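Asker: The listed protein sequences derive, respectively, from chains A and B. Quick note: the first sequence uses the numbering used here, first residue 2, plus one each step. Quick note: the second sequence uses the numbering used here, first residue 15, plus one each step.
The reader is advised that the hints may include incorrect statements.
What the hints assert, rightly or not - A short, non-exhaustive set of chain B residues, derived as facing chain A with CB atoms under 7 Å: (1) P129; (2) F436; (3) F456.
Calculated from the structure, these hints are not laboratory results. Model, not experiment: these values are computed from the prediction. The C-beta atom is built at its ideal place from N, Cα and C for all residues, glycine as well.
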Amino acid sequence: MKQKYEPLFSCRNLRVRIEDKEIVKGVDMDIHAGQKHALMGPNGSGKSTLAAALMGHPSYAVEGEIYLNGLPMHDLAADERARQGMFLGFQYPVAVPGVSVANFLRAALKARRGQEIPVREFRRELMNAFDTLDIQKDFAGRYLNDGFSGGEKKRLEILQMLLLKPDFALLDETDSGLDIDALKIVSQGVNQVAGPDNALLLVTHYQRILQYVRPDVVHVFMEGKLVRSGGPELAEELEQRGYDWLETSTTATARG
Amino acid sequence: MKASPITDLNQDYKAKYGFHDPEEYIHKAPKGLSHEVVEMISRYKQEPDWMRRFRHEALDIFLAKPMPKWGNQELLGSIDFDNIHYYLKPQGEQASSWDDVPENIKRTFDRLGVPEAERKFLAGVTAQYESEVVYHSIREDLAKQNVLFTDMDSGLREHPEIVRKYFATIIPPTDNKFAALNSAVWSGGSFIYVPPHTKVEIPLQAYFRINAENMGQFERTLIIADEGSSVHYIEGCTAPVYSSDSLHSAVVELIALDSAHIRYTTIQNWSTNVFNLVTKRAYAHKDAVVEWVDGNLGSKLTMKYPAIYLMGERAHGEVLSVAFAGDGQHQDAGAKMIHAAPNTTSRIISKSISKGEGRSSYRGLVKVAKGAENCKTSVECDALLIGEKARSDTFPTMEIAEDDVKVEHEARVSKLAEEQLFYLQSRGLDIDQARLMIVNGFIEPFVRELPMEYAVELNRLIELEMEGSIG
């Protein structure tokens, strides 16, 4: 059991620079076990940069602190953060030609669990996850994201989350490029993963996915800062009124 | 970041392949090249007079020809032809049972896994040690089908009519300086003749081992696949690690008669003190298929451009190659396709990986002769650079003398992409695992074509080469 009185995930005064330009300008966030948060903001506000920085992108200059289950993550490389239980669902998953989905997943599972997964057990888990996300079995033999449609890539991201069972998952624009059926399936996968012992941060431009994945807390992120936090009704307000009415100068603290 | 990768590689290479036996030779030619050395080799082998004269003429051609003016001039210029032994006969006679091979030579091939591979999945094996084949065997069923598979010297003695008909017809000594050198001092190599409509389903293998320091190995291979037959030949090679250079200069001629199929697979893993300057060429007659599957991992400098002359209608040629150049290595490899008949097709896929200060070059020629109508050819060159100092060059040439030809050409150079690494790392793979996965994926189209045992071995070698970090 995780200790409920401490946040499962938090960051303090997080700042990110890319080539001397400050993109994320001091973000504080606490997310407790069992919670789903949404981070919403207009295009170009730095949402994806924030998500990649939290995961440990090697070419970003990052200041501030990041904690998972009370352990500092900010000095760890991306792969160490992943093994500790962080996960990033990519907006644009990268193709790795010549590497089959099955081989990649088996290596990732081994890294996450710290031990080899017997072939038969791996196959069973994989096929279950394929069923959940309505993925064809021949997916396993295809090369990782190579020639995949946008929808296939997003399903594969959620599939990885299902298998790796992260403590804290960042999902960057998982809803973009999905038709309504795919969105429902992907949302179902997200809801299946979400439980009392883990937490999610959905990074999104639209509130479309939030009709299927109900957030506990919604943050508005503009020009590198969190400008407001609230309940799910904030997402609906954003849908109706857009982002313009929010003053970027008001800095909200975001404690869930 | 960990220690430099090249030390990791060499340490392992030394233990696994880079050891050497004490030198025990029946005959060791003094260093240097002359008509006396050529005469001695020919007399020692008790060759027919035509071959003796062929050697002497080839030596004159070698001496007259200048060094190539292209390629890596610095490395080519550093070859000291006077500091090489051109012929070395190890102790013992050629054996057809490993028990009859001299003990330390047998031990060497045991360490290299040759007898084990033979038991598991090969139809025939020759094992060459320095200048001579010390072990040879072919499965009985193939011998009964009159498939000829011997070392080249035995081929010349036992089947002079076939050898004289085809020898040096594809690659004459005048072709290039190193073909002339091989023609003058050749020794060992394989001779294969597959009778009409005979399919050799299981691969034949030759393993070439250099043991002595400053050794020159000049094997000569001739493969003839008669009408409608097929054969797959695999060669591997290694050498001890020495501080001074050795020279390997082979000539390989393939003849695929009408509707025949030859596949020739090479896993070249010389130590990094070996110059590997090889001429390989095939004739594919009507409806024949020739495939070169060429992997270059080792050597200091490799210059090798397997060629296929598509001589008859509907012949098909493929070259599928992978080169890996680490620190201090230059893999100058490529392919040549000559479309000399109508309706012929060809495909070249060349993949290179340059790591650290390694350098790889693709040098290729596609030629469609006048009258060779309705040909199709595609060339795909893919270079992967790992590290800031890694280098890759591409020198493609196309000479198309017909209009009705379909040509596709693609060339890509990519750096090991940070976004790929981040993606894999975000799933828990550490940086070395992530790099290895990307590289293995990159060469997968090549590995897929290898027999399973070789694919496993190649992946293991790549893993060693990738060990440690690149600053």
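Asker: Would you mind marking each hint as holding or not holding in the structure?
Answerer: Against the structure, the hints come out as follows:
no.: 1; hint: P129; verdict: 31 Å, violated
no.: 2; hint: F436; verdict: 6 Å, holds
no.: 3; hint: F456; verdict: 6 Å, holds
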